[in-house]
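We have chain A already, so just place chain B on it with the hints.
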Amino acid sequence: MIDDVRAARDAAVARLAAAATLAEARALETELLGRKGPFSEFKTKLGGLSTAEEKKAAGQAVNEATQAVVAAAEARVSDLKQAERAVQLQAERIDLTEVLSRPSRGHAHIVTQAWQRLEDVFVGLGFQVAEGPEVETDWYNFEALNMPPDHPARSMHDTFYVDHGCTGSTVLRTHTSPVQIRVMQQIEPPIYMIMPGRVFRNETTDATHLAVFHQIEGLVIDRGITLADLAGTIESFTKSFFGEGFTSRLRPSYFPFTEPSAEFDIRTPKGEWLELGGSGMVHPNVLRAGGLDPEEWSGFAFGFGIDRMAKERHGVGDVREMYTNDIRFLEQF
Amino acid sequence: MKIVHSWLNDLVPVGSADDQQRVDEVADAITHLGLHVEDVARVGSTVAGVVTARVVRTERHPDAAKVHRVYVDTGDGVERHVWCGAFNMAPGDIIPLATGGTVMPDGRRIEPKPILGIASQGMLCSASELGLGNDHSGILILPPHTPVGVPYGEALGLAEEVVYDLDVLRNRPDAFGHLGVARDLAAHLGVPLAPAPPAPAVTGAPRTATVELVEGIRCPRFTSLVISNVRVGTSPDWMVSRLAAAGMRSINNIVDVSNYVMLETNQPNHAYDFDTLGGGGFRVRMAAEGEVIVTLDEVSRVLTDADLLICDATDRPIGLAGIMGGLNTEISDDTTVIALETAWFEPMGILRTVARMGLRSEASARFERGADPLGIDRSTARFVELLRLTCPDLVVHEGAVDARTDHLPAPTTIRVRPERVSALLGTEFAAADITRLIEPIGFACTDGRGVLTVAVPSWRPDCTVEVDIVEEVARHHGYAALGKTVPKSTVPGGLTPIQHRRRRLREVLLGLGLSEAMPHPFLTAGDLSRAGLPEAAVRLVNPLVVGDDLLRTSLRPGLLKAIEFNESHRRTGVSLFEVGHVYPPSTEVLPAEYEALAVVVAGSDATAAMRIWRELAAAMGWGARVDQSNVPDGMHPTRSATLSLGRDAVGVVGEVHPDALDAYGITERVAVLELNLSVLLAAEPKVAQWKPTSRFPSSDFDLAVAVPDTVAAEKVEKAIRQGAGEWLVDLALFDVYRGQGVADGARSLAYRLRLQAADRTLTDADVAQVRDKVVAATAKLGAVLRA
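So the protein lines, in turn, are chains A and B.
In terms of the numbering used here, the first sequence opens at residue 1 and continues consecutively.
In terms of the numbering used here, the second sequence opens at residue 1001 and continues consecutively.
Please keep in mind that the hints were generated in silico from the structure rather than gathered at the bench.
Cβ coordinates follow ideal geometry from the N, Cα and C atoms, glycine included.
Each computed BS3-like pair below joins lysine-lysine, with the alpha-carbon atoms no more than 25 Å apart:
1) 1691(B) - 1718(B)
2) 55(A) - 36(A)
3) 1488(B) - 239(A)
4) 1773(B) - 1718(B)
5) 1113(B) - 1066(B)
6) 36(A) - 56(A)
7) 270(A) - 1484(B)
8) 239(A) - 1484(B)
9) 45(A) - 56(A)
Pair ranges (Cβ atoms, derived):
10) 1497(B) - 168(A): 35 to 41 Å
11) 1109(B) - 95(A): 58 to 64 Å
12) 168(A) - 1109(B): 51 to 57 Å
13) 1698(B) - 95(A): 37 to 43 Å
14) 1029(B) - 331(A): 48 to 54 Å
15) 1204(B) - 168(A): 51 to 57 Å
16) 1409(B) - 328(A): 57 to 63 Å
17) 23(A) - 1513(B): 46 to 52 Å
18) 239(A) - 1684(B): 35 to 41 Å
19) 1520(B) - 239(A): 31 to 37 Å
20) 168(A) - 1496(B): 29 to 35 Å
21) 70(A) - 1752(B): 45 to 51 Å
Stretch-level coverage of chain A by chain B, calculated; a stretch enters the list once three of its residues show a Cβ under 8 Å from a Cβ in chain B:
22) 101–109
23) 116–127
24) 134–145
25) 189–203
26) 258–266
27) 319–325
Bound-form chain B, shown alone:
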């Protein structure tokens, strides 16, 4: 919302805009009232070098499709040639021409840029290029009688204005008008707000624009007023200047007053040409399904039965209620009698139509937030007052209509307990303090035995409960004045055991040389199947990128993409991990979301994954069975295993299936470890218990056995442990050998055992006895002792 300083100053004395310090203070005050000033700009100062020019003729060039040649005259009778990308001008139009060397407000310097070898003698400007509002749809066409060859600012009567750009939030519909901001400021500064304009003097004979409210819920109030003896012309310079500063272009005196009143009072209104209003009145009803209206922007719009229409008395649609008028009753240069519509529309209905059509207007922005249902009289009075400046002979007719239904919001009153206000703000406010702070912004307070009854002004529909008043009190007291206290936390701060374990997990992974990736949690159709994973996944209804609509059920596809990306940038052998959520489908209220870990090591085989698993398991106190008979989806069939805890699969370890690697365009092997952290981190790990270390010497011996490939090394190890008994303190597999001397389909496993007793030094005989038992135990698995 753009608030113009000079305009504000008409409503509340805030001082001169020439004083930059004063401007900064005003901006700061507005911000601290909750209407964040995002930017303060000085606009409307003429851009030196931009002059008015008349279009002489336009010409297409056969080789230029997007631009045409415009010949202009700057009053010296010399034709100047300009290339132009906009086509909205016709011979005779007056337009602003930025001559060569001009520096535009955005810093661009106008140079004679040749196109097709033909130079341009300047640039034609749009309104936005000159800092006159947001319109960049075409070149700015100036009023027909504008003198040619003069600085455009002078021709338009522009004055420099200071503009505050406010980020007005949904709770303050009133601040979409200068009046609302002025009211807050007046209270803040302790100065009076400008009084409402007097009701217009009625001088004309009865003449009525009738109003029939067919739909009284969506339109609970609709007023009409007929004004005659109006002459369409130009607006005063100051009004043009302020409108421009606020981002609106001057059209003619009637439209300008309509806009000006809206920007001031926050009350949209619409002036119709009374003579084109069929049946001389209005009819407000819901549209029929499929009914069509052509709006002012010349777009034909198809309506639904949820859209509210303004029709004339013959039931011909003339406006999309609260959003945009129709083309058919637009004010023309010949208009002499107008019918002024000022109404209040139910906000949610406007919001829904706006959302469905994607059609937003200055009016709809105000109605959807909530206009002031009782602000219509003031806005009508202001309309007449301002129109009289250019039409001093206008006649306001008797017979104005104010049609209302019971659905107009009733005034709200709120019970406010001063001790409650104080309890929430950390203050000691009495009823009188609260009254002093909020009455200046229109909240009428009645004190009844220590409880205030607060009447909410009609322009503050956001205030419905006691805490809303607490905020008003805090705003006008000043948030900073409340001070800063620190509540004494009565709970011990800290991470939960699960959060501690997650941190430990990350540290171990980082220590193993793995870096943390954060792929997107959305997958594209095919990502799962390429990885060899089941395709069932929960879908997004409205993805940001078409096709990027699956919620991941596994972290693997994201990490495979990361490996592929890095490989394509000549970074092979990348080791990554991710801790993140996955969201498998479920029939419960929510998908079966859980936290997972995935590790990928490019350029390494399954043993790397096993090594990482064993490090993690040792560090985290996890135990799980490595079940190679259960090959997980998408994994190498002879180099992968499911990690199982009881009957539940809690992870995957091994190597990615070569088919999946091919599908992702990865040329290296990729070792993978995946864990369900929601399960594993939740388990309380066993605390290691002390075992006394022996004071007696230990004895080592080595043992190599040939074992069929079908027997897992894990089983051999288990047999050795059982055979060796309590003296075994360390067991390590130090060599695996296949080849000469070992039968086909078997391999040699070489172990080193360390024996030690707690109570004595072991003899050679002791060691020999253990060795025999170990050999016997492994023999049961089909292992053959190697010489």
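Bound conformation, chain A alone:
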């Protein structure tokens, strides 16, 4: 009988190995190992053997044969599964560069991008952000900033006058500085504030000048603030915004709302100096207009253009291009 069992085992393993499909292999598995299969039959025949030793030897042979067939079935099923998956995967090939849709993200305006980068740098330096109206009173735009009516420096600002209220009382702000006064009136020092926003100058536009543009202004008011603090803050900003290889300098200048006043320049890693903006120690008259005692508080202010940051970063040849709202421009950034 043992020989029959071994012969049946070899035949079963051979048939499994020859199964061509997964379905065929599974059907064979059922046929060979099921109740009507040869090995079940051998098991029922075991009882008919005469000696215990014969029964034991034959039983071992049947078990061994059954295990071998089970293993062969599992192996064959596994192989066939793998082969079938491989065929499926091949059939599913996609050319990933075959893309029908175009990117549909929106594009932030480069002035907004510059604006937010500047805000982020100053926030990192401990500044808060304040805003104010674009249509301003003459008082906030000029008088509170130490430019009383008839002050010659007013002619430096080509002002848009607005037909609202008394003649000459309302203007489109020529700088973001009126927000300084509003901030001083609204919050108690210490003040560490930046004030970005849209400003207006009534001057003919060209490739580098706009009548409507954007500025960012900084104001620090605290006890014991010095001109050296202004220089240090400008330096920190320069390194944070432009990079470690950049440095800055102050040189004397004139603005009615600061005294001493300074222009600030930045030096590129190539050694070129670029004029960036104006700054200075807040004039005592400005502090007074903001309701602060210049003997108790001192501070500095600085300001520069946002549009130019965007223009320089992206190499825009003509600033007017930034405001055409041409989608072909907007999509570039």
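Okay, now just chain B, sitting in the frame of chain A:
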């Protein structure tokens, strides 16, 4: 302001201009003193190829209106023909001729460019073309006895000069003269400033040009001096050369000295022909309204009673005070006696007349900033000293007049606390340190118990308070020497909640595929009405572009223009947004300015706008009622709604009215969403609160109901929610159908509902019960269940 190196070197030893490194150092020093050097140029070197020539004759060509033909002789007797666009020359005039092949200072190469087929044998040059000042009004006419056929530089005695171009700001009127710059530099370099010239020796018999100050506020000081035995002629080469470098053309020795003294001392002056001065004197008064004067530039000017006039003693106007002399008393070749006027005028008065007339001169630029009220004596002395170089026999007469009124600015003194100076500069300056820094520039310091009394020099009217002295100290100490410290911010940096929300808003909009536009905030008449919006708007008094004078009350017109622009460039379907201010009229102190958002999606209908609104509302935590019964201005009447929060309109959603699209020339539909961000961003959004998710399986069922068009889907949805109760966890409208099987005037709305209980698995009976309740709830709205 142009500062000439050789001239500066006469006043303060700064070294040779041949040494470029030295020139750079001087420029750098001037810049760091606050007188920004914008440019350093070497001028006056002769342009090779430009020679002097005599005009032989001029001739018009019948076919050339803007140019004429000029025939010149360069001394070889051969007539050369040149086309010329300037007409200011006459036969006999000596002019500079750039011969063929000459490369001009601006890089142009002179070629024989034919006009009407006739070639030009060179080009006649203006002063500015040769780098001799700014005059490009005509061809440069050289003095009559200039030799012909020689390089023009040689003929004019020009020498190369180094010129620093300074951007002098309003606070430094003194730096409009070489002396002021030299004074700063001398202090900076620690070298002496040239001493003032001696007072002129008076040798003549009494002869007075009388002065009557009728207007003593606007003219608080007026001096006159009579000088005779003067001969009009040419100036020394070095003076011509320096004047040219500073941008002024040589006229004759008297005018040149007048200009030279002004550019040196910053004190304008005017020399009159004494013999033509009616009544032999001056009278200073306000002009009568409508009075007329012909100024030196041969323009007849109508005056107002706010303009100050210099008249002769017979009350005949002879000069517009501080701005420009009159034509009638101009120095002529025959002048032998001059009356020199040197005065101080009140700056604001000059500024107002200059602004009103749009007439600016070298003199007015100085007076309007503030000349030195005590600088007159030095300037008069210098005038005589320099005029004596060409008129060695001149006679200064006794009887000079120095008329003053009480309105001449009094000397200013300022109390300066060294500890205050130190506190603002971050230094530890004692009184002596401050004195050491500012006395060399003329501020006299007296130390009284630790507080300095500083006498401000008369040429620094800008210094009136303590911080002005702080700046002087800082300038002469050097800004760089103050060091760089960083103040310790004692407040936490950061954006406000509103600013954070605005950033989130932008991110969501960008994520929805919208790009950010920035249209101009000014509108033209008609922009609003074309968009169907109310026309009331705040106006600009002085727009840059005529008609571009309305402050926008809505962002929509700007974005419609942007769509039209893009459509005209074959870019349809453009999606844009703008976050910006609008400025509706108000009766308050300022217009009712607020921040708005507008979204436009070209080529999409109102549903696109609703989709964006719902995305934004979800992302920002906003809720607003979509009120389609309230159609906003300029919007499609059956496809638009007002977004309302309580009783307030906070936005617009829908589609632009086809009339407005036609008016803007847009051929696509345009979906619009507009929001008042000043209101919406200010609201604190609710923070989402956790709801436990159920562990039990959910059950779905679909429901289609036919609903009359008059019933909003929103209402059906609300009824379904109420009918379904707490087990409803998701509700979605997945199909809208009109047509066969649905009555006219109604549509089928198909919803999918997902039910789930927190505590058990729902049975079929549970689901059936909910379904019945939902059907009943919608039936109340007139909805009919579809099989």
